[in-house]
Amino acid sequence: MTIDAVIASAPSASEAIAESHERKAFGFWLYLMSDAIIFALLFATYVVMSADAEGRQTARSLFSLSHVSGETLLLLCSSLTFGFAALAMHSVKRGAVLWWLLVTFALGLGFLAMEIIEFRGMAQVGAGPDRSGFLSAFFALVGTHGLHVAFGLVWILILASQVIIKGLTPPVTSRLFRLGLFWHFLDIVWVGIFSVVYLPGLL
Amino acid sequence: MSDSTTSPTTDNGHGLRSYLTGFKLALILTAIPFVLVATKDLTSLPASAILVVIAVAAVLQILVHLRYFLHLDLSATPRENMMALVFAAILIFIMVGGSFWIMFDLHRRMSI
Chain A
21 MTIDAVIASA
31 PSASEAIAES
41 HERKAFGFWL
51 YLMSDAIIFA
61 LLFATYVVMS
71 ADAEGRQTAR
81 SLFSLSHVSG
91 ETLLLLCSSL
101 TFGFAALAMH
111 SVKRGAVLWW
121 LLVTFALGLG
131 FLAMEIIEFR
141 GMAQVGAGPD
151 RSGFLSAFFA
161 LVGTHGLHVA
171 FGLVWILILA
181 SQVIIKGLTP
191 PVTSRLFRLG
201 LFWHFLDIVW
211 VGIFSVVYLP
221 GLL
Chain B
2 MSDSTTSPTT
12 DNGHGLRSYL
22 TGFKLALILT
32 AIPFVLVATK
42 DLTSLPASAI
52 LVVIAVAAVL
62 QILVHLRYFL
72 HLDLSATPRE
82 NMMALVFAAI
92 LIFIMVGGSF
102 WIMFDLHRRM
112 SI
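Each protein sequence line maps, in turn, to chains A and B.
Here this note's numbering = 1-based position in the first sequence + 20.
Here this note's numbering = 1-based position in the second sequence + 1.
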C-alpha cells in the first residue's frame, strides 16, 4: 500500500501530494548521500590514524567485544522495529505506529546509553579525545554517529507526537518515510563502524 | 520521478517478510565476524584471513540493509536516487582512496 492509498479519499489533491512527497524524499536522499561522504572521510581519517602500533595497542585494551555486540544488536533490532512502524503506517494503524515508534525509541536510547557508558569509561582511564590522534579520530567518528542517533531519537519523539495530535495525515506519513531513511542509514553506518573500528581493533 | 510505479514508498512488494528476511540475513552477517573475532585464540586463524571475512560480511550486510530496509531496487528505485548513490560512491572512492594512497605512501617513505 502506498501513500496514494492513504490519501485515496481526496483523489484530486492526491497527485500533487504524492509529487511533493517524492520531491522531498529525493532531497532527503541527497542529504543522506552527502552525510555518507562525511562519514566516509571520518572513516578514512580513523584508518590512517589507527595505523600506528600504539593506536592498535590502545584499541585492544579499550574495546569490549560484548559491549559492541550489545550496541549492534540494539541498533539492528531498532531498524527492524522501525520497519514494523512503517508497515503499520501503510495499513493505517495509528496505535501500532505509535507503539513501534516507542519501541524503536527505547532501543535507540539503549544504544546511546551504552555508547555514553563506553565513552565515560574511556575518559575515566585517561583515554579521552585529547590523548592521541588515534583517540581523536575514534571519538570524531563514533561520536558523530552517536550524535546522529541522538538527533534521530528527538525526531522520533517529534513525529510520535505528530501522529498523536495530527493522525496519519499525508504530511506526517511523508515525514515518517524520511525518518525511516535516516534511521536505516544510521544502522548502515554502524555496520561500517564495527567492521572498521571495533572488530579490527580487537584482532 | 513522475512515474508512480517508481515511488520509493511502493511497499506492496516489501511487506513483513522483507523486513524479517533482512533482519535474519543481517543477524547472520553480524554473527560471523563477531564469532570469528571472539574465538580467534581457539581457531588460531591468521588475522589477515579474519579481516577479509569482516570486510566481505560488512559489504554484504550493507547491501542487505539497502535492499531489505531501505528497499533499494535497481528497477523500482527512481533513477535520480540511484544516480545520487552512484555519484556519492564515486566521490567516496576518489577521496578515501586518494587519502589512503597519499597517506600510506608517505608512511612507507617515512619509515624507510
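Don't read these hints as lab results, they were simulated from the structure.
Values in this document were obtained by computation on a predicted structure and should not be read as measured data.
The beta-carbon is built from N, C-alpha and C at its ideal position, and this holds for glycine as well.
Don't take every hint at face value.
Unchecked claim - Partner residues are not named here, just some residues of chain B that face chain A (Cβ under 7 angstroms, in silico):
hint: 1; residue: P47
hint: 2; residue: S49
hint: 3; residue: L71
hint: 4; residue: A89
hint: 5; residue: I95
hint: 6; residue: G99
Said to hold, decoys possible - The calculated label-pair distances, taken between Cβ atoms and stated as ranges, are:
hint: 7; chain 1: A; residue 1: S181; chain 2: B; residue 2: M111; range: 23 to 31 angstroms
hint: 8; chain 1: B; residue 1: M83; chain 2: A; residue 2: Q77; range: 40 to 48 angstroms
hint: 9; chain 1: A; residue 1: I137; chain 2: B; residue 2: T40; range: 34 to 42 angstroms
hint: 10; chain 1: A; residue 1: E39; chain 2: B; residue 2: L75; range: 19 to 27 angstroms
hint: 11; chain 1: A; residue 1: L122; chain 2: B; residue 2: D74; range: 26 to 34 angstroms
hint: 12; chain 1: A; residue 1: L82; chain 2: B; residue 2: T22; range: 45 to 53 angstroms
hint: 13; chain 1: B; residue 1: L46; chain 2: A; residue 2: I184; range: 33 to 41 angstroms
hint: 14; chain 1: B; residue 1: M111; chain 2: A; residue 2: Q77; range: 16 to 24 angstroms
What the hints assert, rightly or not - Covered stretches of chain B (chain A as the covering partner; in silico rule of three or more C-beta atoms under 8 angstroms from a C-beta of chain A):
hint: 15; stretch: 23–30
hint: 16; stretch: 54–66
hint: 17; stretch: 72–82
Okay, the hints, checked on the actual structure:
Interface restraint check: P47(B) against chain A, minimum CB-CB distance 10 angstroms, threshold 7 angstroms, status violated. A cut of 7 angstroms between beta carbons decides the hint on S49(B): the least distance to chain A is about 9 angstroms, and the hint is violated. Below 7 angstroms, beta-carbon pairs count as interface contacts, and L71(B) has one with chain A at about 5 angstroms; its hint therefore holds. Using the Cβ-Cβ criterion of 7 angstroms, the hint placing A89(B) at the interface with chain A is satisfied: the shortest such distance is roughly 4 angstroms.
Checking I95(B) against chain A by beta carbon gives a least distance of about 10 angstroms; that is not within 7 angstroms, so the hint is violated. Using the Cβ-Cβ criterion of 7 angstroms, the hint placing G99(B) at the interface with chain A is not satisfied: the shortest such distance is roughly 9 angstroms. Look at S181(A) against M111(B): about 55 angstroms separates their beta carbons, and that is not inside 23 to 31 angstroms. One distance hint, 40 to 48 angstroms for the beta-carbon pair M83(B) and Q77(A), holds here, with the actual separation near 43 angstroms.
In this structure the hint that I137(A) and T40(B) lie 34 to 42 angstroms apart at CB is violated, the actual value being about 26 angstroms. For E39(A) paired with L75(B), a C-beta distance near 23 angstroms keeps the hint of 19 to 27 angstroms intact. Under the hint 26 to 34 angstroms, the C-beta atoms of L122(A) and D74(B), about 30 angstroms apart, fit the expected range. At about 35 angstroms, the beta-carbon gap between L82(A) and T22(B) misses the expected band of 45 to 53 angstroms.
In this structure the supplied range 33 to 41 angstroms is violated for L46(B) paired with I184(A), their Cβ-Cβ distance being about 52 angstroms. Between M111(B) and Q77(A) the C-beta distance comes to about 20 angstroms, which sits within the given range of 16 to 24 angstroms. With 4 residues having a Cβ less than 8 angstroms from any Cβ of chain A, the stretch 23–30 of chain B passes the three-residue criterion, so the hint holds. Residues of the stretch 54–66 of chain B lying with their CB closer than 8 angstroms to a CB of chain A number 7, which satisfies the three-residue condition for coverage.
With 3 residues having a Cβ less than 8 angstroms from any Cβ of chain A, the stretch 72–82 of chain B passes the three-residue criterion, so the hint holds.
In this structure, the hints that do not hold are numbers 1, 2, 5, 6, 7, 9, 12 and 13, in rising order.
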